[in-house]
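Asker: So the sequence lines, in the order shown, correspond to chains L, P and U.
Using the numbering used here, the final residue of the first sequence is 615, and nothing's skipped along the way.
Using the numbering used here, the final residue of the second sequence is 868, and nothing's skipped along the way.
Using the numbering used here, the final residue of the third sequence is 1059, and nothing's skipped along the way.
Bear in mind the hints are in silico, worked out from the structure with no lab data behind them.
It should be emphasised that the depicted structure is a prediction, and the values quoted were computed from it without experimental measurement.
Among the clues, some could well be false.
Far from chain P, some chain U residues (derived; all Cβ distances over 12 Å) [unchecked claim]: (1) Pro897; (2) Lys951; (3) Ala964; (4) Leu992; (5) Leu1018; (6) Thr1052.
Computed beta-carbon distance windows for the label pairs [claimed, not checked]: (7) P/Ala745 <-> L/Ala385: 48 to 58 Å; (8) P/Ser796 <-> U/Gln909: 36 to 46 Å; (9) U/Leu1028 <-> P/Leu639: 30 to 40 Å; (10) P/Ser765 <-> L/Gly519: 26 to 36 Å; (11) L/Ala385 <-> P/Glu746: 49 to 59 Å; (12) P/Arg742 <-> L/Leu596: 37 to 47 Å; (13) L/Val497 <-> P/Leu639: 12 to 22 Å; (14) L/Ser468 <-> P/Arg742: 18 to 28 Å; (15) P/Ser765 <-> L/Leu15: 36 to 46 Å.
Built from N, CA and C at the ideal position, the CB exists for glycine as well.
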Amino acid sequence: MARIRLVGRLVGRDLRYRPGPAVLLVLAITAATATLTLGLVLRGVTNQPYLQTRAATKGPDVVAQLGGQGRGVSGSGTAVWTRAEAQVKTLTSAPGVSAYSGPYPVASAMLRTRGLTAGVEVEGRARAQASLDQPKVTAGTWVRPGGVVLERTFAEALGVSVGDRVTLSGRAFRVAGIAVTAAGLPYPNLCYYPGGGCVFDLSAPVTASGIGFAWATEQDARSLASARAPLQAFLNLKLKNPATAPAFASRYGSGPSSPGLIPWQSIQTGSGLLVQDEQAVLTPAAWLIGLLAIACVTVLAGGRMAERIRRVGLLKAVGGSPEMVAVVLLAENLMLAVFAAVIGLAIGWLTAPLVANPGAALVGTAGAPALTLSTAGLVLAVALAVALVATLVPAIRGARTSTVSALADATSQPRRGPWLIALSARLPVPLLLGLRLVARRPRRALLSVASVAVTATGIVAVLAFHTSTRLNIAGVPRGLADPAFERDEQTLMAVTVVLFGLAALNAICAAWATVLDTGRASALARALGASPRQVTAGIAAAQVLPAVPGVLLGIPLGIGLFDVAAQGAGVVVPPVSWLAGASLGALVALAALAALPARAGAARPVSPVLSADSG
Amino acid sequence: MNDVGVPVLRVRGLCKQYGKGEGLVRAVDEVDLDVASGETVAVMGPSGCGKSTLLHLLGGLDRASGGELWLAGQRIDQLGERALARLRRDRVGFIFQAFHLMDELTAAENVELPALLAGRSARWSRRRAAELLERVGLAERAAHLPSALSGGQRQRVAVARALVGDPQLVLADEPTGNLDSQATVEVLRLFEDLHSSGQTLVIVTHDSRIAATADRLITMRDGAFVDETRLTGGSAGNLGALAGLAEPYEQEI
Amino acid sequence: MGLTAIYLTVREVQFVQQEVVLAMLAKEPSHGYELRARLRQALGPLGDAMNDGQVYVTLARLEKAGLAASEQSAGRPDRPDRKVYALTAAGQQRVAGWLAEVSWPRPDLTEFHLKLIAAAAAGLADPLAIVDTQRRELLRRLRDAQRAALAEPDGSPAGLLLEGIVLRLQADLRWLEACERNWTSHRKDHR
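Okay, chain L solo, but in the shape it has when bound (with noise of 0.2 Å):
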């Protein structure tokens, strides 16, 4: 019991009189944890919104695309009724099929709006509500004569809002409101499978992510149709068991001259898309960013225990030992470990909805996710062991120690390597004292390049999507926002952002274990004659040293990710211009970031830090 009781008085004292490197602990940590709590979390939470908003516009559990695969009905007017009406007749009298509204034409049209060009498939409806697929008006009115109601997520991408105006192939008219339905996926996802099938005549000057949805009165959505664009009709099925809708779509859809039959289970797992996307990116991210935090810790934990064995004389005025101290320590790290994890938890749980917007296109939110139990303990295990593998290594090696080597500084024994010596003696002055500096401890050094190779994977990985992102530049029509792309980029952003922090603060933890591990070194060096200059650059230099290697180990890492995660677009290698300049931007901050300290220490005069060590 009074062990329990000492080793707590120790970590008390500790953290109070040097708060530093337990904050920064804590951040490394809380920064793993939160990643890992959101990856954690989207998952499961992409199906609320949807169902919520087919509750809401009544939604249909098949959606017929009428007059076949993709082709419309040639002419206008009554013609592309009986075309249509045999294929509504045998669709509605087929068994299972409960309720029915529609059939309803739907025209495409070029609309132009503030200097923007969009393809738009303008469906026509009746003022009246309908019982099956009644879009939910979320801004404005409903369809009246000269008046549109645009797809939410669409209008967002135009800009526009309700009472502005818009031309539809050359004609104008109003913004009447704004509606969100669960019939069929949001812009830009209108074509795309699963769930998505678009009827636009892809031969006008629209990429197939480039058309939206609007609903608009009988008369007007039949008077947009043309030669050129005919008219097509959709038709909305109500199954008696919502179920069978897939198996309905397949019995009745297959075959060339069949309309085409989307069962609203399809639609799901596509307005889902959104938040899928973000999980490809959330998910390594996680990894790197565990592993950084990992290096940090051990860093820390390395540098002071390497300070704490120095000042085991003290301790044992306590009553304390090797082995106490490597207990003090492994205790502290555990404890400010299960803080981190606490504050990641509630990090990541706040930051959740954010990410797990399902954006505009639904009404549902994805309310506050759940925070399972098991997430809570995933969380605070990876946690415990992050804090466990880092420390343990360095208490392991101080608790061997025995005491009189510790009295003797054994632990803290430089390594020597003759060769290394040797050629640094043959180098200028600042990458000499940087040589020498790095062969002291290749173990850190070691971890130094490690470090900076798993945050090259990141950037690098970055970039590569940046390249395929530019490679499909076919992607979206030049001025529309292109919702899905802007919310990975804003994913990958805050992930790269969490990134570089890490980096940076591993970069400084490294620093700052250097600076403390070389103080006496670089004062004796600079009473000898090497100027503060040249110790700085030295110190800057031992840091960037190992980094160069991790840099470039981190480029075919970072490719070889990006083709993991991104699943099947291929290989992609950012520019080299891309590359160069990423690679030298990171030594460049990485020796900006060791020089600060160094510098600090190095202006500082010489003799009471050699004093303070002698004896």
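Once you have looked at the hints, place chains P and U on chain L.
Answerer: Below, chains P and U alone, put in the same frame as chain L:
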């Protein structure tokens, strides 16, 4: 090395203080000193009298709060850190009480370090290191690590290191503070040898044996010089009297 | 330099030196028992071994040599206690010469210790100045002995003896430093 007549070291009104108001401590209090070329000056005093602080000020390892400091005719108390570093490289050699050798470098690598820092070629530095190790009598230990050397040997390596740049002034801070008597004798011989070769030395010590190698002995107390003695010249007694063999009978009442 | 192996005379070691007693009289004329008490105080436990009668013997000798003079004080003339002793001019001269002397006494330090006390008590000289002068002299001797010791080849018997002399001088110098510290604070207290 420098012009005859110009003192190697000239100090006027040097002071160093810490704290302020009630807590003001004058570590060095208005010190004046002249050291001629080839002279050995010893500064003695009780612990805490400020002699180590004084030495650090003379070597540019610490900044003075006031006063003037001249080295071979050049004013050095106002120099920036970079110029001070160059000074330590080329003109001043320092010997510490705790030796301050790099543990992972051999004796030769330790000695050549200031030369490398000054930008000399690796070969020149190694040759010079060998030369100096020969001079201090440690030629056969050149490839040994400090952990394999005795205390006296380590300090001799440190002396060799201080001489690498052929300095005008060598400063020694309690050079025998961490040494036993036999190691002290080793270092003593070295200092006598340096003296006879014309090296200018300023030594801070509380060991009277080291102080006895000096030409001049200055006593310091509470940051100020309180006494100065010329040690050159014969003593009042003779060695026989010291040995107790001759006790001239004073008087018979 | 060189070793002078000429024996002159070995003086009989007297516990209480004539000069010490003379110096104690320099402050003011005193009775014998007063001098005894002062000596006791200066020597502390070491004074327990002092032979009380020695003081009177020394006083008589000093009187005989013309360095001190005595007077009968009022009271019983037959008892030696009642004599008051005072310095003569010759005695004062002797004291001044003794204070300025720098030969180092053997084998113990009592004489020097008492010299300092007497000088302080009588106000004749600054004890710190005496200490400093003595220090200087010992340092010079240390330098000579050390030089000679280093000049001897390794393992020579003379070198060993010289080393011993050096170490003793070093020890004495340490004691002188202690004297200096002590008398400095003594002066500060009595300002």
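Asker: None of the hints should be skipped; say for each whether it holds.
Answerer: Going down the list of hints, with the structure as the test:
Its beta-carbon lying about 20 Å from the closest one in chain P, proline 897 of chain U satisfies the requirement of being farther than 12 Å from that chain. Distance check on lysine 951 of chain U: its Cβ is at least 19 Å (rounded) from any Cβ of chain P, clearing the 12 Å threshold; non-interface status holds. With a closest Cβ-Cβ approach of about 15 Å to chain P, alanine 964 of chain U is found to remain outside the 12 Å limit, as its non-interface label requires. With a least CB separation of 19 Å from chain P, leucine 992 of chain U remains clear of the 12 Å interface cut-off, as annotated.
With a minimum CB-CB distance of about 6 Å to chain P, leucine 1018 of chain U fails to clear the 12 Å threshold, and the non-interface call is violated. With a closest Cβ-Cβ approach of about 8 Å to chain P, threonine 1052 of chain U is found to fall inside the 12 Å limit, against its non-interface label. A hinted range of 48 to 58 Å holds for the C-beta pair alanine 745 of chain P and alanine 385 of chain L, which are about 54 Å apart. A hinted range of 36 to 46 Å holds for the C-beta pair serine 796 of chain P and glutamine 909 of chain U, which are about 38 Å apart.
Under the hint 30 to 40 Å, the C-beta atoms of leucine 1028 of chain U and leucine 639 of chain P, about 51 Å apart, miss the expected range. In this structure, serine 765 of chain P and glycine 519 of chain L meet the distance hint of 26 to 36 Å, their C-beta atoms being roughly 27 Å apart. Roughly 58 Å separates the CB atoms of alanine 385 of chain L and glutamate 746 of chain P, a value that falls within the hinted 49 to 59 Å. A beta carbon spacing of about 39 Å between arginine 742 of chain P and leucine 596 of chain L agrees with the range 37 to 47 Å that was offered as a hint.
For valine 497 of chain L and leucine 639 of chain P, the Cβ-Cβ distance of about 50 Å falls outside the hinted range of 12 to 22 Å, so the restraint is violated. Separation of serine 468 of chain L from arginine 742 of chain P is about 60 Å and departs from the stated range, judged on CB atoms against 18 to 28 Å. Under the hint 36 to 46 Å, the C-beta atoms of serine 765 of chain P and leucine 15 of chain L, about 43 Å apart, fit the expected range.
This entry does not satisfy hints 5, 6, 9, 13 and 14, going by the numbered hints stated previously.
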